[in-house]
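Protein chains in written order, with the numbering used here: chain A, 6 to 342; chain B, 925 to 1269; chain C, 5 to 382.
There may be inaccurate statements among the hints.
[What the hints assert, rightly or not] 30 Å max Cα-Cα, derived DSSO-like pairs, lysine-lysine: (1) A/Lys91 x C/Lys287; (2) B/Lys1055 x B/Lys1105; (3) C/Lys107 x A/Lys98; (4) B/Lys1239 x B/Lys1105; (5) C/Lys146 x C/Lys107; (6) C/Lys287 x C/Lys107.
Calculated from the structure, these hints are not laboratory results.
Model, not experiment: these values are computed from the prediction.
Letter by letter, the chains look like this.
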Amino acid sequence: MSEPLLEIRGLSKRFPIHSGLSRRVTGEVRAIDGVDLTIMRGETLGLVGESGCGKSTTGRAILRAIEPTEGEILFHDRAGTVDVAKLGRDELKRVRRRMQMVFQDPYASLNPRMNVEALIAEPLICLEHLTHRQRRDRVVELLELVGLNASYLLRYPHTFSGGQRQRIGIARALALEPDFVVCDEAVSALDVSVQAQVLNLLSDIQERLGTTYLFISHDLGVIEHQCDRVAVMYLGRIVEFAETEALLRTPKMPYVEALLSAVPEPDPHVRRERVAIRGEVADPANRPSGCPFHPRCPYAQEVCKSTVPALRQVEGASGAHLAACHFAEALSLRGVA
Amino acid sequence: MTPGPIISIRGLEVGALSRHGMLRPLRGIDLDLPHAATTGLVGESGCGKSMTARALLNITPSPMRITAGSITLDDGKTPPVDLAALDPDGAPMRAIRGRRLAMIFQEPMTAFSPVHTIGNQIAEMLLIHEKLDKRAARERSIEMLDLVGMPNARQRFDAHPFNLSGGMRQRAMIAMALACKPEVLVADEPTTALDVTIQAQILELLQRLQQELGMTVLLITHDLGVVARTTSRVAVMYLGQVVEETTTESLFDNPKHPYTQGLLGSVPRLGSRRGRRERLPAMRGSVPPALAELPGCAFHPRCPKAVAGLCDVVKPRMAEVAPGHRARCLLYPEVLAASAALEAA
Amino acid sequence: MSVDAKPMPATRELVHATPVESPLTLMWYKFRAHRLAVWSIWVIAALYLTAIFANWIAPFDPETRTGLPFSPPSWPTVMVDGAFVWPPVAFGVSQQLDRKTFKRVYAIDTTQRYPVQLFITGDRHSWFGLFPSDMHVIGVDKGGAFFLMGTDSLGRDVFSRMVYGSRISLSIGLVGVAISLVLGVILGGISGYFGGWVDLAVQRLIEIIQCFPSIPLWMALAAALPHDWTTIQVYFGITVILSLVGWTDLARVVRGRFLSLREEDFVMAARLAGASEARIIRKHLLPSFMSHIIASVTLSIPSMILAETALSFLGIGLTPPALSWGVLLQDAQNVNTLATAPWLLLPGALVIVTVLAFNFLGDGLRDAADPFSRESFK
Ligand SMILES: Nc1ncnc2c1ncn2[C@@H]1O[C@H](COP(=O)(O)OP(=O)(O)OP(=O)(O)O)[C@@H](O)[C@H]1O
Ligand SMILES: Nc1ncnc2c1ncn2[C@@H]1O[C@H](COP(=O)(O)OP(=O)(O)O)[C@@H](O)[C@H]1O
Ligand code: SF4
Ligand code: SF4
Ligand SMILES: [Mg+2]
Ligand SMILES: [Mg+2]
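For reference, chain A alone in the conformation it holds in the complex (with noise of 0.2 Å):
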């Protein structure tokens, strides 16, 4: 692997919780808190969690897509290193050309009252100086790079089909030829049909233009096919972090366990024994003390209940290999066989 791209440290966001009519601040939600990641460059790392552990959070807040409560995100750009947490709107404006990203649902996110073109367009005319004959020229290559083609240039995006949408959105993220994008679930909501050819364009284009990927899922088959590295996230905490074969053949944290024995195999003669945990998906405005897991984790002993355990790399691994759990290296934990 070569030089990192992307170091965030203790990047943290809290969302105020507003109640009664007078719509007070009575409290705040730990939506992120306390995320390190280092990302490589020309890598795809895979960011896998339930649903409301703070995974678009993270993306959203490196893009400062929304601002960040704390933290850095240290960008290492040819030009040399800027923290991006703390860049003011004229400089933001340039690394933005630098940084992107893919949203989850293409229906969303494609602003139904514009044409392809105008969409497409949209970050070429924002910060790029272009004629508009050479913006149009862009476009059309854009269209064709993401596997369509210049006819569909004045079509608005309500006669696209899922999978269509899907390439347009992408087609705009890499209008500005970032080096950095963040994928929101870009594949989720589509069919597995799409999803694999959406999936091997994202990979074409990283092999043309060495792009780097933070790509955030929920699907764990789909983030072993894509994915250099996987972080997993829980209660907005990384709890485990590695290489993806490493990651699904040993994990190191229970939660994780129970993660990957949870996805069913697409074989009937497989049944995987899933190790079952307890409870409701984890809610951030309710945090645990302790190991955020603990309420649910079929390993917890009492020291679980008060002591928060560190992200540390598990001693006997191989590899960079870290994981936030006490026992990291007494469980022998089941992986993918």
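Following the hints, put chains B and C with the ligands in place on chain A, whose structure we already have.
Leaving out everything else, chains B and C with the ligands in the frame of chain A:
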């Protein structure tokens, strides 16, 4: 051991005229639901899975109407009824719906009224269909909530839908659907909106209840993992028709239809150890809209095995291509023979 | 169905013959599905044309006294003594006093026939002071009973008065809504865009205004208008009063749309594409809620028309010699008068038709405002 199928659908068509032409979401569905078993219905988005479910309960959204075909409900004890022939709003259909046939939806929020407690909504069903008194209905509702694994069922009786998490709401919805002990349960993507860990809990629950109550279940999903895990038979749909139908094992071991092969091939399977840089074998294109009128096999524009001059001309019929394994593809001589006979007629 | 399967760089994409329509076309389709709304357009257009060209359309000057008070509606006919006549004719009338009841009775004199004429010469009039003329689109010669909606206590033609009255009644809604729109969009926009304490302040103001029952509020404000104002001044005074109360709903709609649109993914996408706030408002927010605003505006016109009618009816809005439907209805306040001349209620029917037409149109527009709601159920 089983009598005949409890539901048999024959030549079911649903359609409506729109300003762009005739919309035909269902184009001749043939499907049997064997008694006390779970049948899966899979296919891409827009191929008509939900419409089949709704037609089965005779709740097609207006202006969609059942235009042809029959849906026979026959439990071997009472005389068979053709649901397609009943008036959707008539008393006989309403008596069957909820009581003998029940449905659970993808988004449980839409099935509940937000202003009433979930307990009262379940009890309401019992009051209407089972003619229980209020006390008994309340007790039965709590029993049902308990049965679906709702923690603290007695207190949760008074909870409003928005007070519950997604998984609990889905449990409450299952409790409501099962309140009158229906013979057939149609589950339209019951776990798509849930996280994998919760999905696993709900699927286990459904399986347990299906066995305990001896229910017939039609499980609609686009997740092939869910199908493999929970069903005994599967039907694959494409553009308003069933294109392949067999036992779950046979389908996964030996998919016959190129569409099924394409679907199975394009799933990134966890633990497949497929190399990171390897391309997924993706099917091209996507499902045509319900307006589309294609000559020959509906799948031919996307089919990698399509034979020019055959597949774009002859409409394939469903035929048995291996024991207990039916498919709708002209590559199989049985299908070709049946279809040619039809063309000739 | 044509399926083009050109090979393309990344994958092969199949283009299905999905209908290619612009958002405007979709809106029109959705609007057209509302039969009543489409009919309402015609009704409203006819009303406004009548108001604009009132002086030519009305057969009489609204103040002309025909000398036939409380004459019932009398329509020209094409059948006289079982024979067909063309053009239709109006008859002469003679007036007698019934000696027992002291009521006026009108006797139709079928021997006097006045053929209906187009472009006939009659009372002098002008179009808002311009184009003086004595031509009327339709009418009969002097002496014929051509009172489509009867006459009032002074013998003035009610139909002509309604035609002239529509000028004020119909325009007060438009002007009032225009003022509320400006107020609503500015205050609602500020409130939704800036949020925080500005939002809170505007919201409180709206709540306070909405707390007052509107009729007493109007009455209080209208009573405060100086008595020596001219008709024109009163007209604008009333309009401003109506819009001061009416902007709150629009402000709420604007604020609500603003808030919900700001959360949309496509607005965040635009921000990530480097779009400035000004561009986001201009290109993304405004076009997305313009159609909603138009629908809300249409729906709030009827309440303005009703308010003017109510105020004038109660005698605290416009007063004669100003002419509006409300003013005309003042004549229908007396039960005795109504018993002799029930046709004096006809301006009320016109108010109802107008209000309904605007409501149907607004409903149709509201539906069309969101043409992208996916028709298929999920
Ligand atoms: N009310 C409607 N009006 C017009 N077309 C409709 C309507 N409902 C469904 N359709 C069309 O009928 C076809 C089948 O729809 P259906 O909802 O059954 O698909 P599905 O297989 O359940 O898809 P998904 O996996 O997305 O739920 C689609 O092409 C859809 O667009
Ligand atoms: N704009 C917001 N206002 C308040 N809370 C929010 C907002 N966005 C996200 N949250 C909360 O933050 C937590 C994490 O959300 P999110 O990052 O969207 O999760 P994920 O993408 O993993 O499903 C959730 O509890 C969510 O309710
Ligand atoms: S720290 Fe304790 S509770 Fe947390 S995951 Fe490890 S064993 Fe379970
Ligand atoms: S009939 Fe032809 S086009 Fe259709 S699935 Fe079979 S091979 Fe493909
Ligand atoms: Mg998310
Ligand atoms: Mg569906």
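Check: Any hints this thing doesn't respect? Which numbers, in order?
Finding: Violated hints: 3, 4, 6; rest satisfied.
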